[in-house]
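Residue numbers (our numbering), protein chains in the order written: chain F, 1 to 273; chain Y, 1 to 304.
These are computed hints drawn from the structure, not numbers from a lab. The reader is advised that the hints may include incorrect statements.
[As the list claims (entries may be wrong)] Using 25 Å as the maximum straight-line C-alpha spacing, the simulated DSS-like pairs for lysine-lysine come out as follows: (1) F:265 to F:110; (2) Y:125 to F:110; (3) Y:138 to Y:125; (4) Y:3 to Y:71; (5) F:110 to Y:179; (6) Y:207 to Y:71; (7) F:110 to Y:71; (8) Y:3 to Y:207; (9) F:265 to Y:179; (10) Y:132 to Y:71; (11) Y:132 to F:110; (12) Y:179 to Y:3.
Computed from a prediction, not measured in an experiment: that's the story for all the values here.
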Amino acid sequence: MVTTTQEVSDRRRSRIPFPVAFALPLALVERNARAARHFWLTIVSGFFEPVFYLFAMGVGIGALVGDVMVDGVAIGYGVFVAPALMATSAMNGAVYDSTQNVFWKLRFAKTYDTALSTPMRPTDVAIGEISWALLRGLIYSTAFLAVAAIGGFVHSWWALLAIPACTLIGLAFASVGMAATTYMSSWTHLEYVQLAILPMFLFSATFYPLSTYPAALQWVVQATPLYHGVDLVRGLMLGDLHAGLLVHVAYLAIFGTVGIWATAKRIERLLLT
Amino acid sequence: MIKAVGLRKSFGDFTAVDGIDVEVAPGESFGFLGPNGAGKTSTMKIIGCTSPASGGTIRILGMDPASQASKIKARLGVVPQEDALDADLTVFENLLVYGRYFGLPRATVRARAEELLEFAQLVDKRDEIVEKLSGGMKRRLTIARGLINTPQIVLLDEPTTGLDPQARHILWDRLFRLKREGVTLVLTTHYMDEAEQLCDRLVVMDKGRIVAEGSPRALIAEHASREVLELRFDVADHAERAADVEGIGARVEVLADRLLLYVENGDVALEQVTARGVHPMSSLVRRASLEDVFLRLTGRSLIE
Ligand SMILES: Nc1ncnc2c1ncn2[C@@H]1O[C@H](COP(=O)(O)OP(=O)(O)OP(=O)(O)O)[C@@H](O)[C@H]1O
Ligand SMILES: [Mg+2]
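Only chain F is shown next, with the shape it has when bound in the complex (with noise of 0.2 Å):
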């Protein structure tokens, strides 16, 4: 058989893997930082509202509260309530870039159909916008454990690693949260999304130990993502390894994976009729 100088290419080029196959994806990126810099203001925004809360509940209602018993440990309450904080700014921050702005983006702005009349694939936007989500929450992550750390809330050199964790949670939230939000027809579904959210962030264990409920009632707590990333963050932070931390990175693995690939395919079925 003969083979032409274009097969032949075409070959070569389907085997140079990782960069060339994100080039794409990037793009979307890109794409995102442009728009990002004519609306700066609500970029720094994101950055106060976990650093507020953080002074507020460790500060404020520390001083009340005094010290938590984690494991037959004490230790401060703003200890104990920085990671919780951190994990759940780290979903708020990839819900509200998956839901808010994709839907937008989705339904009125026409920006995915745009895409996609270029050699850009539905499976390209769906990482593409994730990873735009997952980068801005790496910048505020940081941001917020410097100032944890400054602050005294920090007492482990592990809690570098609160920072992938961090990237990890915003993986699981961005990409469930675009999957069902392509399911959203109107601006009344996505109070929804709050619906869920909400109850997640105040009973997740991330104001008390998850020993303050009821046997029953801890294993619903446990199963919601975000007390996988509430208590592998605060594992990191307070430097306390164990096996159960890599149940949590896989636990949140799973969700991320699963949420690009259903994002994919939604996109495809909404936007190549």
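Fit chain Y with the ligands to the supplied structure of chain F, relying on the hints for placement.
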């Protein structure tokens, strides 16, 4: 360049494109002319690989959209019916970002974008947010954006709909330039003057089917006469007066507000009308156009 056989597109029970055969040659300007809902956009989306065909076969640049969509898209320029510019970005950024979607190197895209600003006569709008552009400017920017990857085929879905006459002429001029450079143009329109201006060859579409095909001139010659005499009377129903002018010219068409007489020579025909003692309120002699072709083929006007 493009070859479709028995191409079909259905949405549920509804058939938007009902078995059309189309072939477009390199360097050709090819048009789909048809009224609202004819299936023009549906056809363009299949060619643009953003909508899978429901039946028939299609090859674009020799490739099958079902398996090689990205490779085809890399060589197409798409100007959709709705501009869909990125409202969060400036004019220049719209070009840059779109070019990056093709995976082109940043420097290449930048250089190309500068050229295209020139082409689209938008150099002084370079750093404006696109919301601030006029309709005509947005359309030119959308066309420029579609050219960022130096495509071999450019798909234009109603390039000038909704623009004022001056803006349309500027656009036509830009499209002529492309055509001279040897780019294959595929466009849809419901304006016959646009089709006559831009298309070497066109198909007339109605309800998902092709009802005629040929060059604008050939279609007019085949389905209309050389000239048209339009007569208006002071009556509620122009059908009443049709019998009065029957036999003058090849055919009489009755519209809501006038009669159309398909004739070789309009002035001679008008003399014949007055000679019969028929005195219209007003009359107009014009050359036949694709509008007349469409009316002949479907019994309906192109634009309502
Ligand atoms: N996604 C869709 N789902 C259901 N019906 C559709 C869809 N897209 C188009 N149609 C229908 O298919 C028919 C052809 O639509 P199409 O957009 O191809 O027409 P068109 O010739 O481009 O018309 P126009 O001049 O108004 O742009 C219309 O009746 C339209 O309602
Ligand atoms: Mg259309």
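The hints, checked one at a time:
With a C-alpha separation of about 17 Å, the suggested pair residue 265 of chain F and residue 110 of chain F falls inside the 25 Å cut-off, and the hint holds. Among the hinted pairs, residue 125 of chain Y with residue 110 of chain F is consistent with the structure: their alpha-carbon atoms are about 23 Å apart, no more than 25 Å. Restraint check for residue 138 of chain Y and residue 125 of chain Y: the C-alpha separation of about 11 Å stays at or below 25 Å, so the hint holds. Of the pairs offered as hints, the one joining residue 3 of chain Y and residue 71 of chain Y holds, with about 17 Å between alpha carbons and a cut-off of 25 Å not exceeded.
Of the pairs offered as hints, the one joining residue 110 of chain F and residue 179 of chain Y is violated, with about 29 Å between alpha carbons and a cut-off of 25 Å exceeded. Pair hint residue 207 of chain Y plus residue 71 of chain Y does not hold up; C-alpha atoms about 31 Å apart against a cutoff of 25 Å. Of the supplied pair hints, the one linking residue 110 of chain F and residue 71 of chain Y holds, its CA atoms being roughly 22 Å apart against a limit of 25 Å. Note on residue 3 of chain Y and residue 207 of chain Y: the hinted pairing holds, with a Cα-Cα distance of about 21 Å set against a maximum of 25 Å.
For the suggested pair residue 265 of chain F and residue 179 of chain Y, the alpha carbons sit about 38 Å apart, so the restraint of at most 25 Å is broken. Between residue 132 of chain Y and residue 71 of chain Y the alpha-carbon distance is near 34 Å, which puts this suggested pair outside the 25 Å criterion. In summary, the hint linking residue 132 of chain Y to residue 110 of chain F is supported, as the alpha carbons are separated by about 18 Å, within the 25 Å threshold. This hinted pair checks out: residue 179 of chain Y and residue 3 of chain Y have alpha carbons roughly 20 Å apart, not beyond 25 Å.
In summary, the numbered hints that this structure violates are 5, 6, 9, 10.
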